[in-house]
Each structure stands twice: as structure tokens, then as C-alpha cells.
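Going line by line, the protein sequences match chains A and B. Using this note's numbering, read the first sequence as starting at 1 and increasing by one per residue. Using this note's numbering, read the second sequence as starting at 1 and increasing by one per residue.
Think of the hints as simulated: they come from the structure by calculation, not from any bench. Possibly wrong hints are sitting among the right ones.
Now the in silico label distances, taken between C-beta atoms and shown as ranges [what the hints assert, rightly or not]:
(1) A/GLN90 <-> B/LYS80: 50 to 58 Å
(2) A/LYS86 <-> B/GLY42: 44 to 52 Å
(3) A/GLU148 <-> B/ALA66: 26 to 34 Å
Below, simulated DSS-like cross-link-like pairs (lysine-lysine); rule was C-alpha separation at most 30 Å, straight line [to be verified]:
(4) A/LYS76 <-> A/LYS108
(5) A/LYS49 <-> B/LYS95
(6) A/LYS84 <-> A/LYS49
(7) B/LYS95 <-> A/LYS58
(8) A/LYS61 <-> B/LYS95
(9) B/LYS95 <-> A/LYS150
(10) B/LYS95 <-> A/LYS76
(11) A/LYS96 <-> A/LYS86
(12) A/LYS155 <-> A/LYS86
(13) B/LYS79 <-> B/LYS101
(14) B/LYS95 <-> A/LYS168
(15) A/LYS138 <-> A/LYS100
(16) A/LYS108 <-> A/LYS168
(17) A/LYS150 <-> A/LYS86
(18) A/LYS155 <-> B/LYS95
(19) A/LYS100 <-> A/LYS155
(20) A/LYS76 <-> A/LYS88
(21) A/LYS108 <-> A/LYS58
Below, a sample of chain A positions facing chain B; criterion: calculated Cβ distance under 10 Å [claimed, not checked]:
(22) LYS76
(23) ALA78
(24) LYS155
(25) ASP161
(26) ALA162
(27) GLN165
For each residue, glycine too, the CB sits at the ideal point set by N, CA and C.
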Amino acid sequence: MTQHLRLAALAFAASLSINTHAQNAPAPNDAQIAAIVVTANQVDVDAGKLADGKTRSKAVKAFAQQMVTDHTGVNKMAVDLVTKLKVKPQDNPTAKGLQKGGDDNLAKLRTLDGAAFDKAYVDHEVAYHVAVLDALDKVLIPSASNAELKALLVKVRPAIDAHLQHAKHLQAELGASGS
Amino acid sequence: MLRQAVLAAALSAFAPAAWCETHTVVIENMRFQPAALTVKRGDRVVWVNRDVVPHTATAAPSFDSAAIAPGASWGITLKKPGRHEVVCTMHPMMKSSLVVK
Chain A
1 MTQHLRLAAL AFAASLSINT HAQNAPAPND AQIAAIVVTA NQVDVDAGKL
51 ADGKTRSKAV KAFAQQMVTD HTGVNKMAVD LVTKLKVKPQ DNPTAKGLQK
101 GGDDNLAKLR TLDGAAFDKA YVDHEVAYHV AVLDALDKVL IPSASNAELK
151 ALLVKVRPAI DAHLQHAKHL QAELGASGS
Chain B
1 MLRQAVLAAA LSAFAPAAWC ETHTVVIENM RFQPAALTVK RGDRVVWVNR
51 DVVPHTATAA PSFDSAAIAP GASWGITLKK PGRHEVVCTM HPMMKSSLVV
101 K
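Construct the entire structure; sequences and hints are all you get.
Shown next, in the form of C-alpha cells:
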């Protein structure tokens, strides 16, 4: 089961990277980037809310609450900016892929409990943040044409990186105590 | 000469206030900058959050800013000498040190 989830998480990460930087995929425009950013944040807020309610681990709960706070904050900034810029988020395959990945993750997490839940949630958080960093570096930041949108993406990057380090730290702790 | 003396007298009247400085710690890129700060007793330290996410400046049990929203700041006047480890309770990997002499 665990192996299955790990594979699913990797497949999700891979699907994001394939969607976003396939050689022949056109670079997203600002309206598409806005939709990708909002969706990416929202799926992690949703997973965090589920984990906050379900986990029995203090460390996982604190991490989940941090994800909800931070990704909600980033989303508010992103929405405020695109509203100011009069950019209407435009749905696209990357945003759809992220939404599907998020929905699949929630569906799987709902079937799990206890240590299996914690491990699946944290494993997915690691894969998700790796994928988001990759997308920021290779697609979103280079493709953003509006300077303020690009600056916001650059500012978001250290937070995503810190989340990844935190998630990896948790993953190592769960691995050490869970087996 | 006389003018200078008057000026010096005027400045010395304000000297106690001038001795107490305000130091700024910028929170940006998920870091406290500077990561180590030494201040004098009576100085004020202000944390300015330039990140896109909320942070705290917390040195339990001495002080706790609670959440500082992006773009907001929080400050405290430090009256007792001591050494504090200042962390962000939301992002436990964010650490800094503050020495009050």
C-alpha cells in the first residue's frame, strides 16, 4: 500500500513536470500562470485541512496547519495581484493536472488512518513541493511576462523550498519511528 | 564657539534617548536577517516581515510576537540583559540569536 502511494506521489510529480515542461508545450501566459498558482496553492490547502483534522501526530498537525496558513496567504497575494493587474485566471492542462492530482490525493488520504495516513500525506507533500519548485524554476518564473507577477513568484520560491525541507525532515522522522 | 557649546548642551539633554537605538531584523526568504544581533539594554528591536507568508519572532518565555502578517512588523524594547534564541513558531527551521548586553 505504502509503495503504491509512493508511486502515486511520484506519478503525480512526474505528471506535473511533463505537463509543464514538455519540449513542445507552449510557455504559459500570465493568465494561465495565475490559474496554475491558485490551483497549486488550493490543493495543498485542501490536503492540509484534511491532515489537520485527521492526523494524531503533533508534528504532522503543525506542518499541516503551516501549509494551510502559508498557501492561503500566498493565494491571497496572488489573487490580489492578478485582480489588480486585471488578469483573469485561465484554465489550462497544467492547472487541470494539478487539480486532478490534488483530488486523487485527497481521495486516497480519506481511506487511510494513523501512521499510514501520516506517511502518505507527508510523502505526497515532499513530491508536491519538489514538483512545484521544479515548475517555478523551469516554467513559471521564466514564462511570467508581467514584472510584478514574476516578482511574486520569485518571492514565493523560498517558502516552497522551506516547506520541502520541513516535509523531508518529517518524512525522515516518520520513517525512523514508524518501522 | 558659543553656538557649538549651546548645540552640545542641547544634544546632551537628549543623550539618554539617543543611547537607546532601534534595530531592524528583516524577515525575508524564510530567514531572519541578520541571523545574529547584539543590542544594548533599553534598545528596541523591530521585526519586519517582507515574506509572502506570516511569521513570528518568538523567544519563549521572554517574548512572542504572535503572527506578523506579510508586510507588517512587530517590535519590543528589551530591558533585561540575556541571550535569546528567536525562532518563528510557524517555521521551526527559522532561527536567530539575540543578545541583550
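Evaluated hints:
1. A/GLN90 <-> B/LYS80: 50 to 58 Å: Given about 56 Å between the Cβ atoms, the range holds.
2. A/LYS86 <-> B/GLY42: 44 to 52 Å: holds, 50 Å
3. A/GLU148 <-> B/ALA66: 26 to 34 Å: Holds - the Cβ-Cβ distance for A/GLU148 and B/ALA66, about 29 Å, lies within 26 to 34 Å.
4. A/LYS76 <-> A/LYS108: holds, 28 Å
5. A/LYS49 <-> B/LYS95: holds, 26 Å
6. A/LYS84 <-> A/LYS49: holds, 28 Å
7. B/LYS95 <-> A/LYS58: The given pair, whose Cα atoms are some 20 Å apart, holds under the 30 Å limit.
8. A/LYS61 <-> B/LYS95: holds, 21 Å
9. B/LYS95 <-> A/LYS150: holds, 28 Å
10. B/LYS95 <-> A/LYS76: holds, 26 Å
11. A/LYS96 <-> A/LYS86: The given pair, whose Cα atoms are some 22 Å apart, holds under the 30 Å limit.
12. A/LYS155 <-> A/LYS86: holds, 21 Å
13. B/LYS79 <-> B/LYS101: holds, 10 Å
14. B/LYS95 <-> A/LYS168: holds, 18 Å
15. A/LYS138 <-> A/LYS100: OK: A/LYS138 and A/LYS100 at ~21 Å, within 30 Å.
16. A/LYS108 <-> A/LYS168: Within the cut-off at roughly 20 Å; holds.
17. A/LYS150 <-> A/LYS86: holds, 15 Å
18. A/LYS155 <-> B/LYS95: holds, 20 Å
19. A/LYS100 <-> A/LYS155: holds, 26 Å
20. A/LYS76 <-> A/LYS88: With a Cα-Cα distance of about 15 Å, the restraint between A/LYS76 and A/LYS88 holds, given a limit of 30 Å.
21. A/LYS108 <-> A/LYS58: holds, 21 Å
22. LYS76: Result: holds, 9 Å to nearest chain B Cβ.
23. ALA78: holds, 9 Å
24. LYS155: holds, 5 Å
25. ASP161: Because about 7 Å separates A/ASP161 from the closest Cβ in chain B, which is inside the 10 Å limit, the hint holds.
26. ALA162: holds, 4 Å
27. GLN165: Holds. Min distance 6 Å.
Hint violations for this structure: none, all hints satisfied.
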